[in-house]
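Asks: Based on the provided sequences and hints, a complete structural model is requested.
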Amino acid sequence: MNKIVTTPRADHAIELPPSAGEKITVLNPVGFPPKVNRKAIAPRPESLEGKTIYLVDCRFDDSIELLKQVQNWFAEFMPAVKTKIVSLSATYQHDDPKTWEEIKANGHAAIVGVGHCSNCSPAVATHAITLETRYGVPTVAIHTDKFDRVVTSVTKMAGLPDARRTFVPMPVMGKTTEELKAYVYGKDPITGLPVMQEVIAGLTTALSN
Amino acid sequence: MAEYERTTPRLVEPDTEGNLQQQFLDNKWTDGLPIVLPTEKRVAAMLAGTSRKPDEVVGRMQPTEFRVAFEYTVEKVAVNAVMAGAKPEYFPVILALAASEVSARGSTTSSSAAMVVVNGPIRKEIDMNWGIGAMGPYNHANATIGRAYGLLSQNLQGGSEPGVSFMGSQGNSYTYNNVTFAENEERSPYEPLHVQKGFKATDSSVSVFYGCRSTTFCLGLREKYWRDHVRDMLAGIDGNSTPCLLIDPLTAQQFIDRGGFDTKQKLIRFIHETAEMPAGRYWDLQLVQNYVYPWATFGKEPMATWLKAKDDELIRIFPEADINVVVVGGEANGYWRIMGAKYRKTISVDAWR
Chain A
0 MNKIVTTPRA
10 DHAIELPPSA
20 GEKITVLNPV
30 GFPPKVNRKA
40 IAPRPESLEG
50 KTIYLVDCRF
60 DDSIELLKQV
70 QNWFAEFMPA
80 VKTKIVSLSA
90 TYQHDDPKTW
100 EEIKANGHAA
110 IVGVGHCSNC
120 SPAVATHAIT
130 LETRYGVPTV
140 AIHTDKFDRV
150 VTSVTKMAGL
160 PDARRTFVPM
170 PVMGKTTEEL
180 KAYVYGKDPI
190 TGLPVMQEVI
200 AGLTTALSN
Chain B
0 MAEYERTTPR
10 LVEPDTEGNL
20 QQQFLDNKWT
30 DGLPIVLPTE
40 KRVAAMLAGT
50 SRKPDEVVGR
60 MQPTEFRVAF
70 EYTVEKVAVN
80 AVMAGAKPEY
90 FPVILALAAS
100 EVSARGSTTS
110 SSAAMVVVNG
120 PIRKEIDMNW
130 GIGAMGPYNH
140 ANATIGRAYG
150 LLSQNLQGGS
160 EPGVSFMGSQ
170 GNSYTYNNVT
180 FAENEERSPY
190 EPLHVQKGFK
200 ATDSSVSVFY
210 GCRSTTFCLG
220 LREKYWRDHV
230 RDMLAGIDGN
240 STPCLLIDPL
250 TAQQFIDRGG
260 FDTKQKLIRF
270 IHETAEMPAG
280 RYWDLQLVQN
290 YVYPWATFGK
300 EPMATWLKAK
310 DDELIRIFPE
320 ADINVVVVGG
330 EANGYWRIMG
340 AKYRKTISVD
350 AWR
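Protein chains in written order, with numbering that gives the first Met the number 0: chain A, 0 to 208; chain B, 0 to 352.
These aren't lab readings, by the way, just hints derived from the structure by calculation.
Some hints here could point you the wrong way.
Claimed, not checked - Where chain B lies over chain A, by a calculated footprint (3+ residues, C-beta under 8 Å):
| no. | stretch |
| --- | --- |
| 1 | 31-39 |
| 2 | 89-97 |
To be verified - Only pairs whose alpha carbons sit at most 20 Å apart, straight line, appear in this in silico DMTMM-like list of lysine to aspartate or glutamate:
| no. | chain 1 | residue 1 | chain 2 | residue 2 |
| --- | --- | --- | --- | --- |
| 3 | A | K83 | A | D61 |
| 4 | A | K155 | B | D30 |
| 5 | A | K22 | B | E64 |
C-beta atoms are modelled at their ideal positions from N, C-alpha and C, and glycine is treated no differently.
Replies: Have a look at this one:
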């Protein structure tokens, strides 16, 4: 099946240049987006007192090291909250129903992190939305500030533009324990609000819209 | 399963040529270079390069996993092919690339690029270059097919905007035309790539690789230390990619003369056996920690076996099945290079004629 394609020569397609000021019509080169179906967030508890929060490590770079500082913060400031760190079953590139089922069965809320690369940031945002909308688990995603526009785009197209998230500075990889602690105990570089304040608000306050 | 609506307008508001060039640039619909404006007449001429209907769906593409995929038709691919300056006779190759659904504008912070290898009779029909300068800007088909692949990727997946839908930290100049060339089947002592991938030699096809960050190169194979020199080159390929050897026909003959590798498979086995690294050093690579280690912990082979090795034990870091060899070049000298590039797909060009 090697037929020679009989096509017009390229110069058949060449048009005379339009005269100055003449308007021409051209085609739009952009593809067709999928229909966006709006999703709803899970009901929030009034408080986290006595609740169990899963800290979900996406296994990219040093995500788990930052989550350990989140765990330390709860131990220091909200000792009545139980925390459990779990790593995804494989890489962040795969959905992980087994882990989501465990969180739904044994936890009351989740924090997923850290979204700090072009693939893992959309993945962390998507995993958080999956927990939120398919498993009914209140969830906050943690990303680095470099990916704020990525996260905005992903959550919008996923139908949950107000998905709860907070940002820490970039980079996480290779930072010392003290530096990561300063990230978690410090402020979100995007909003200027304390990171953990956004986490607590995200897990306990239902979105108004 | 996502539902798709035809919400993207077919036409752009009429304007002057200068204003439209600026609008396409401002909308990030180009690669930053001037484009051929896709008028209805030019797009119709491009569509004559295939028997497929303009409204037929070709595929869906996304910048990364976990981002939505956009859908596109034959006409949408034609619009981007016109913009790249391609001729209608190239269109079946460009459609096959679009049908691969592999984006040449993937959003990875590592700044990957695609690599495109064309095989079979189509190479001659459209005057592609597989000889001197094949991977450079000296052939209209090579140049514009590769550019069309980039433009269609960014536009048909819904964008490739730095900070939003493209996060390559440093970028990659290979992406301007995605290292697009034809294999030198005539001067190669080996089986063509597409035959290795299950096609007949008389089929026309296009193969897509992805990665193209790490590249090492060398001149020929010296008698005394050639095996060590190859080992040194392989050490420069990142652990999450796999080697694709791009060898001039002169070098292919040297591999036969020096090592007796008279098939690609024998050469690939040699590469597999040569690319060794102490296990401790391998597992400490950040990319390996991110993308290989999790699988090893869950028993995936051969990684699970590598994980049992002692730190100083040598392991073969590139599975044989993942290594590829392509013959390209004009025999001006025995230069060759290894591209860190993962093979993704081979698509029939004939199916898109």
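Asks: Take the hints in turn and mark each one as holding or not.
Replies: Comparing the hints with the structure gives:
Residues of the stretch 31-39 of chain A with a Cβ under 8 Å from some Cβ of chain B number 4, which satisfies the need for three, so the listed coverage holds. Counting residues of the stretch 89-97 of chain A whose CB falls under 8 Å from any CB of chain B gives 3; the rule of at least 3 is met. Straight-line distance between C-alpha atoms of K83/A and D61/A comes to about 17 Å, which keeps the hinted pair within the 20 Å bound. Pair hint K155/A plus D30/B does not hold up; C-alpha atoms about 26 Å apart against a cutoff of 20 Å.
With a C-alpha separation of about 40 Å, the suggested pair K22/A and E64/B falls outside the 20 Å cut-off, and the hint is violated.
Consistency note: the structure conflicts with the earlier hints numbered 4 and 5.
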